[in-house]
Amino acid sequence: MADTILGKVQKIVSEQLGVDLDTVKPEASFANDLGADSLDTVELVMALEEEFDIEIPDEAAESIGTVQAAVDFITEKSSA
Amino acid sequence: MTMTSTEKKRVVITGMGAITPIGNDLEAYWQGLLAGKSGIGPITLFDASKHKCRIAGEVKGFDPLEYLDAKDAKRTDRFAQFAIAASKQALADAKLTITDLNAEQVGVMIGTGVGGLKVMEEQQSVYINKGPSRCSPFMVPMMIANMAAGLTAIHTGAKGPNSCAVTACAAGSNAIGDAFRIVQNGYAQAMICGGTEAAITPLSLAGFASARALSTRNDDPDHASRPFDKGRDGFVMGEGAGILVLEELEHALSRGARIYAEMVGYGMTCDAYHMTAPVPGGAGAARSMEFALKDAGISPSEVSYVNAHGTSTPANDPTETSAIKTALGKSAKTVAVSSTKSMTGHLLGGSGGIEGVAACMAVSKDHVPPTINLQEPDDDCDLDYVPNHSRAQTVDVAMSNSFGFGGHNVTLVFRKYRS
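Residue numbers (numbering that gives the first Met the number 0), protein chains in the order written: chain G, 0 to 79; chain W, 0 to 418.
Rather than coming from a laboratory, the hints here were simulated on the basis of the structure. Careful, some of the hints might be misleading.
Claimed, not checked - 30 angstroms max Cα-Cα, derived DSSO-like pairs, lysine-lysine:
1) Lys7/G with Lys59/W
2) Lys76/G with Lys24/G
3) Lys76/G with Lys332/W
4) Lys7/W with Lys59/W
5) Lys24/G with Lys70/W
6) Lys36/W with Lys364/W
7) Lys129/W with Lys7/W
8) Lys158/W with Lys87/W
9) Lys364/W with Lys10/G
10) Lys129/W with Lys10/G
11) Lys73/W with Lys87/W
12) Lys24/G with Lys10/G
13) Lys7/G with Lys332/W
14) Lys10/G with Lys7/W
15) Lys36/W with Lys8/W
16) Lys36/W with Lys24/G
17) Lys36/W with Lys7/W
18) Lys7/W with Lys332/W
19) Lys158/W with Lys51/W
20) Lys70/W with Lys94/W
21) Lys129/W with Lys7/G
Said to hold, decoys possible - Every beta carbon over 10 angstroms from chain G, so not counted as near; a handful from chain W, in silico:
22) Arg53
23) Met119
24) Ser132
25) Val165
26) Tyr186
27) Ala282
28) Thr325
29) His366
30) Gly405
We put the beta carbon where it would ideally sit given N, CA and C, even for glycine.
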């Protein structure tokens, strides 16, 4: 679980946003469910870029609103 | 625009909080001062082995999570964490609750010398090692010097006047003085005010050492901060925050608040002389004390205690001694003068905060903290520095001096409250 993309994303989100790991469900919205403000989101995107060695352009970052959306984006980028 | 005949309000101290190298609340700090406890030791916050100065007065056992949740603690630099913690303590001590009804009448004025150095230095490393795109979006809001005042307002709900003095080692005292004026002039009913600093960082230590400002008594940290002593060789950096709640007298009385002391005077001047050195003879510092006494309507003979700037640098201590003689005249010979930096080290912008607290406690408790490590006074330091042991004596009026790089001189005057 921890080795999957979802597991890694959940761990990073939990650390970055200071929320319990079990609240970081795939459908959770960063802003509405996990309390992320605009600066949190920027920092979170940077942490994901670093962990998965990818680039997430600003336009794409804006459309990533949930944990699952982040996982989908990373999956697509990684398999490309 | 002219001031109309608005009468100045009386201002009293109703609450205090302290995070210091000798204790992390008001009681622990005050008992530490009376016991002559040294808060100086080897630096543990980072590896200082390559530095000329490897000692400091670190705050020990501070847990930001006692005052902030995990997410807020992570996005708050240490200097602001200290300020928020001491402010929450001071409000609790004052039993002053901020509600929707009074929020706009309570303000915050917290000074700092340098602000969030820790995050700035960490992010500089990130920039060099990983590039600009990896710099934290929190870096700027965490490091800016006003953020202690801003975050204290956020975490207490105080919506009144809010600002931040950045006058180096005089910043905490400037903040208290400016807050005093705000309450005196009726712009707020209460002000949370003081100073904070967390500058025990690699760059800051290196810079102060290069300026030849720091003690290098690395093998004997307890005795390194020795104001007015012949063997002094520089200041020892400390960290922490000291916060006072200043309150308009009628407001304090109406809610039955305990009153520690009344704040009665504020003076400030500038040497206009040198970036780091005091003007020989201390004329600027003397004028600061004179202005503060005049502001207070107090004569030199009424001053019981001076909490000196007393940094333990070769330049400051005789200069300040000379300034006290100029300002107090023959009363300088009998007044009790002590430097609590002998115990806490020099908190830079935080020093005015914790020393304002010490001065108010001296007035409230009729007890004068000592200057420790005073074994053999410098030939040019010939006042009563309350050497090595605290002294129980009546303290009707206490002054607190703070001087900063840039030539800033600030003096605060507190007096026993009488109706």
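Self-check item: Structure versus earlier hints, numbers of those that do not hold, lowest first
Solution: Per hint list: 1, 3, 4, 7, 9, 13, 14, 15, 16, 17, 18, 19 and 24 violated.
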